[in-house]
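Participant: Chain residues, written in single-letter form:
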Amino acid sequence: MLFNSFAFLIFLPLFMIGYWSTRGRARLWVMFLASLVFYAWWDWRFLFLLLFSALVDYSLGLLLENEQDDPARHRLIVLSVVVNLGLLGFFKYFNFFADSAAQLSDALGLHVTWTTLRIVLPVGISFYVFKTMSYTIDVYRRTQRAEHDLLRFATFVVFFPELVAGPIVRASRLLPQLHRDHRFDYERALSGLTLICAGYVRKVVVADSLAPLVDVRFAHPEAHSALSLLIGVYFYAFQIYCDFSGYSSIAIGIARILGFDFGINFDRPYFSRSFSEFWTRWHISLSSWLRDYLYIPLGGNRGGTLFTFRNLMITMLLGGLWHGARWTFVAWGGLHGLYLVSQRLIGPAYQRVVKSLRVPRAASNAFLILLVFHLTCFAWVFFRAQSFQNAWQILTSIASMQDISFASVDNKILVLKGAMLIAGLLFVEVLTLRPREISPARRLAFAASCIWILLLFGSFSGNTFIYFQF
Amino acid sequence: MREAKRFAVWFALLAIVVIAGDRIGAFLCSRVLLGSQFRFSRVYRGGSNAEVLVIGDSRGVHSFYAPAIEQLTGRPALNLSFNSMSMPIAEALLADYLDHNPKPRMVLIETTCVVVDRGLVSELRTYAGLSKRLEALYAREHPHAAAAGRLFRLLPYDSEFFLRALMYLRRSDQDWINRNVIAPQLAAGPRGRWSPRPHPENLESLGRLVPMLQSRGIEVQLLIAPYHRSVMVDMNEIIQSVKRSVPGAHVLNYADAIEDSRYFADGVHMNADGSEAFLRMLCRDGVLRCRS
Numbered sequence: 001m002l003f004n005s006f007a008f009l010i011f012l013p014l015f016m017i018g019y020w021s022t023r024g025r026a027r028l029w030v031m032f033l034a035s036l037v038f039y040a041w042w043d044w045r046f047l048f049l050l051l052f053s054a055l056v057d058y059s060l061g062l063l064l065e066n067e068q069d070d071p072a073r074h075r076l077i078v079l080s081v082v083v084n085l086g087l088l089g090f091f092k093y094f095n096f097f098a099d100s101a102a103q104l105s106d107a108l109g110l111h112v113t114w115t116t117l118r119i120v121l122p123v124g125i126s127f128y129v130f131k132t133m134s135y136t137i138d139v140y141r142r143t144q145r146a147e148h149d150l151l152r153f154a155t156f157v158v159f160f161p162e163l164v165a166g167p168i169v170r171a172s173r174l175l176p177q178l179h180r181d182h183r184f185d186y187e188r189a190l191s192g193l194t195l196i197c198a199g200y201v202r203k204v205v206v207a208d209s210l211a212p213l214v215d216v217r218f219a220h221p222e223a224h225s226a227l228s229l230l231i232g233v234y235f236y237a238f239q240i241y242c243d244f245s246g247y248s249s250i251a252i253g254i255a256r257i258l259g260f261d262f263g264i265n266f267d268r269p270y271f272s273r274s275f276s277e278f279w280t281r282w283h284i285s286l287s288s289w290l291r292d293y294l295y296i297p298l299g300g301n302r303g304g305t306l307f308t309f310r311n312l313m314i315t316m317l318l319g320g321l322w323h324g325a326r327w328t329f330v331a332w333g334g335l336h337g338l339y340l341v342s343q344r345l346i347g348p349a350y351q352r353v354v355k356s357l358r359v360p361r362a363a364s365n366a367f368l369i370l371l372v373f374h375l376t377c378f379a380w381v382f383f384r385a386q387s388f389q390n391a392w393q394i395l396t397s398i399a400s401m402q403d404i405s406f407a408s409v410d411n412k413i414l415v416l417k418g419a420m421l422i423a424g425l426l427f428v429e430v431l432t433l434r435p436r437e438i439s440p441a442r443r444l445a446f447a448a449s450c451i452w453i454l455l456l457f458g459s460f461s462g463n464t465f466i467y468f469q470f
Numbered sequence: 471m472r473e474a475k476r477f478a479v480w481f482a483l484l485a486i487v488v489i490a491g492d493r494i495g496a497f498l499c500s501r502v503l504l505g506s507q508f509r510f511s512r513v514y515r516g517g518s519n520a521e522v523l524v525i526g527d528s529r530g531v532h533s534f535y536a537p538a539i540e541q542l543t544g545r546p547a548l549n550l551s552f553n554s555m556s557m558p559i560a561e562a563l564l565a566d567y568l569d570h571n572p573k574p575r576m577v578l579i580e581t582t583c584v585v586v587d588r589g590l591v592s593e594l595r596t597y598a599g600l601s602k603r604l605e606a607l608y609a610r611e612h613p614h615a616a617a618a619g620r621l622f623r624l625l626p627y628d629s630e631f632f633l634r635a636l637m638y639l640r641r642s643d644q645d646w647i648n649r650n651v652i653a654p655q656l657a658a659g660p661r662g663r664w665s666p667r668p669h670p671e672n673l674e675s676l677g678r679l680v681p682m683l684q685s686r687g688i689e690v691q692l693l694i695a696p697y698h699r700s701v702m703v704d705m706n707e708i709i710q711s712v713k714r715s716v717p718g719a720h721v722l723n724y725a726d727a728i729e730d731s732r733y734f735a736d737g738v739h740m741n742a743d744g745s746e747a748f749l750r751m752l753c754r755d756g757v758l759r760c761r762s
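In order, the protein sequences belong to chains A and B.
Number 281 in the numbering used here belongs to position 281 of the first sequence; there are no gaps in the numbering.
Number 544 in the numbering used here belongs to position 74 of the second sequence; there are no gaps in the numbering.
Just so you know, these hints were derived from the structure itself, not from any lab.
Even for Gly, the Cβ is constructed at its ideal location relative to N, Cα and C.
Among the clues, some could well be false.
Across the chosen pairs, the derived CB separations fall in these ranges [as the list claims (entries may be wrong)]:
#1 A:L426 x B:D587: 49 to 57 Å
#2 B:A482 x A:L345: 35 to 43 Å
#3 A:R436 x B:L504: 25 to 33 Å
#4 B:V479 x A:L345: 41 to 49 Å
#5 A:I413 x B:R686: 44 to 52 Å
#6 A:D292 x B:L636: 31 to 39 Å
#7 A:I413 x B:R750: 53 to 61 Å
#8 A:V430 x B:I494: 39 to 47 Å
#9 B:E729 x A:S449: 50 to 58 Å
#10 B:V479 x A:E429: 30 to 38 Å
So, partial list: chain A residues that the calculated Cβ filter (under 8 Å) puts toward chain B [stated by the list, open to error]:
#11 K417
#12 A423
#13 G424
#14 F427
#15 G458
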C-alpha cells in the first residue's frame with residue numbers, strides 16, 4: 001500500500017480507531033495484523049518471506065542470549081548473517097551477479113552459460129533484512145536483550161510505517177517502545193500530523209512535479225540541450241530528496257501520533273559543507289547503520305590513513321550496492337567514497353588557505369555548500385541513469401555547453417513551476433533552521449497551508465516512492 | 471480522553487479553515503483565470519474580435535503564428551491551438567467561442583490533430599467550471615477527479631492551464647512559438663516512414679464541427695502544415711478518413727511544402743520563421759486573403 005494512495009486514506013483512520021481503542025496485547029495484535037494487511041496490499045505471497053525472516057531472527061536472538069559458549073555464539077551470528085544476506089542476495093542480486101559473471105566470462109572468451117531467474121524483488125526487503133540483522137548482531141554483542149515475546153518481535157519487524165522504505169528503526173530504539181502502552185498525547189498528535197502534511201507536500205507536490213521532467217531528460221538525453229539536461233540533474237537531486245524525505249516524514253509523523261519516536265532520517269542534507277556532514281544528514285538511519293555494522297567492524301579509522309580510506313571505500317561501495325543491483329549504483333557509492341577520501345586529503349590544506357587569505361567564514365561556507373551540492377549532483381547522474389552509457393551521454397552533453405539558452409528548454413512553464421517549488425522548499429528549510437516551540441494555532445495554519453498547496457500544486461497520478469525499489 | 475477531545479476540536483477547526491480557504495482561494499483563482507490573456511480565458515471572457523481563428527494541436531501552435539497572420543492579412547487573429555488537443559476538445563472550444571464571442575470570418579484547422587489521443591482531457595478541469603461541454607468531456611474521462619473537484623474547489627486549478635493563465639496574466643499568449651532551429655543531428659536523422667492513424671472519435675467530432683461552422687457562414691479550411699524532411703509522413707490515410715467523415719471536405723496538404731531545415735524546431739514543429747514562410751505560401755495560394 002502506498003502512503004499516497006486512496007486505499008491508505010481509508011486504512012489509516014481505521015487503523016487509528018483500532019489502535020486507540022485497544023490496550024496491551026490486543027493493541028499489539030492490531031498493529032501486527034494491520035501491518036500485514038498494509039504489506040499484503042502489494043503482494044500477499046511475500047508475507048511468508050517477511051514472517052520467515054522475523055521467525056529466524058527471533059529464534060536466533062533467543063539462542064544467542066541463552067548460549068554462553070563463544071564459538072557457538074559466533075556460529076549463530078554467522079548463521080543469522082548468512083540467512084539474512086542470503087535472502088537479500090537471492091531476491092535482489094542473483095540476476096545481477098549472474099549477468100555480471102556472464103559478461104565477465106564473455107570478455108574472457110569463456111562463453112559460459114549463466115542461468116538467470118525471473119525473480120520479483122519483495123518490497124522493503126533491504127530495509128527489513130537490515131533491521132532484523134542488526135537486532136541479532138546487537139544481541140550477539142550483548143548490547144541488546146533478546147525479545148522473548150514472538151508477537152512483539154514480529155510487530156517490531158513488520159510495523160507498517162517504516163516497513164517498506166524505512167527509516168531503519170533499530171531494535172534498541174523500537175523494541176523498548178513496544179513494551180509500553182502509549183497514551184494519546186495532544187501535542188504529539190499535532191506534531192505528528194504536521195510532519196505528515198509536510199511529508200505529503202514534499203512527495204506529492206515537489207517530488208512528483210519534478211518526476212516527469214526528470215524522466216524525459218534521462219530517457220532521451222539526445223533530444224535535450226545542455227541547459228535542459230543540467231536542469232534535469234538539479235531536479236533529480238531534489239526529486240529524490242523530497243521523495244524519500246517525504247516518505248520518512250510521513251512515517252515518522254504516523255509513528256509520533258501513535259506515541260512512537262523514530263528519530264529523524266533527513267536533516268537538510270543540501271546545506272552540508274562536507275561529505276562527512278552530508279552523510280550525517282542524508283538517510284541517517286542507513287548511514288548510521290553502515291557506520292555501526294560495517295565501517296567500525298572493518299576497523300573504522302583506527303588503523304592508519306590508508307586503512308581508513310580502504311574502509312571508507314568498502315563501506316560506500318557496499319552502500320551503493322545496497323540501493324540496487326546495478327553497477328551504476330556501485331559507481332555512485334564509489335564516487336561518495338572518493339569524495340570522503342578526498343575530503344580527508346584536501347580538507348586540512350583548504351582550511352589553511354582559507355585562514356591565510358582571511359576568507360570570511362560565510363563565503364567559505366557558501367562555497368563549500370555549493371561544491372558539495374554539485375559533486376552530489378554529479379554522483380546522482382550515475383544513481384539515476386539506467387547505464388553508464390546513459391550517464392556518460394548526459395554528462396558529456398552538459399559539459400559540451402551546447403545551447404545553454406533558456407529558449408532551448410522544453411516545458412518551460414513546468415520547469416519554472418519546479419524551480420519555484422524548490423525555492424519554496426529551501427526557503428522553508430532556512431526558516432526552520434532553529435527549532436522552536438510551535439503553538440497549536442501555528443500548527444493549524446501550517447497544516448491548512450500544506451493542504452491548500454497539495455490541492456493547488458499536487459500531482460495525483462499515484463507515483464510510487466523511489467525507495468520502494470531498493 | 472481530554473487530550474483526544476482537544477485534538478478533535480483542533481481537527482474540526484482545521485477542517486473548517488481548510489474548506490473556507492479552499493472556497494476563498496477558488497474564487498480568487500477563478501477571477502485570475504477569467505482575467506488572463508491566455509487563449510482559453512479569452513474564449514470564456516468574451517469580447518474577442520478575431521476574424522481568423524486557428525485550432526489544432528502543437529503543430530497548430532507552431533505553424534500558425536497569430537501575429538504573422540495579423541500582419542499578412544490585416545485582420546485580428548486568435549490561435550486556440552494547444553499541445554495534444556484532440557478534435558472533441560477543439561469542437562467544444564469552438565462551440566463555446568461562438569457562444570461567447572462574435573463569429574469569425576474564417577477557421578483554420580490543422581487537421582493532423584485527428585491522430586491525437588485524449589491526453590489533454592485531464593487539463594480541462596480548469597475551465598470545466600466555465601463550460602458545460604468541457605465539464606462533460608472531463609467528467610466522462612475522469613469521474614472521480616471531477617467529483618473531487620466539486621468537493622475541493624481548488625483542485626481544478628491544479629493544472630498547466632492555470633499556470634499558463636498566471637503566466638499570461640498581463641500579456642497575450644499569442645507570441646508562443648518555437649524560436650529554436652532543429653539540431654543538426656536530428657535534421658540528419660534517419661528517415662523513417664510514418665503513417666499516422668486518425669482516431670474514430672476525432673473524425674466523428676470533425677464531421678460535426680465543420681458543418682456546424684459552415685452553417686453559421688464561417689469559412690473553414692482544413693490544412694496539413696509542413697513536416698521536416700527527416701520525418702517522412704504518409705498523409706494518405708488522414709486525408710481519406712477526413713474526406714469520408716466530412717463530405718465535400720478538401721484537405722490542403724502542405725506536409726512536404728518546405729525543405730529548408732532553418733524553418734523547423736524539430737521534425738514535426740516549425741519555428742517562427744517557418745510559420746511565416748508557411749503563411750506566405752497560404753497567401754500565395756489564396757487560402758489566406760492577404761494584403762498585397
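Participant: Tell me, which hint numbers fail for this structure?
Facilitator: 1, 2, 3, 4, 5, 6, 7, 8, 12, 13 and 14
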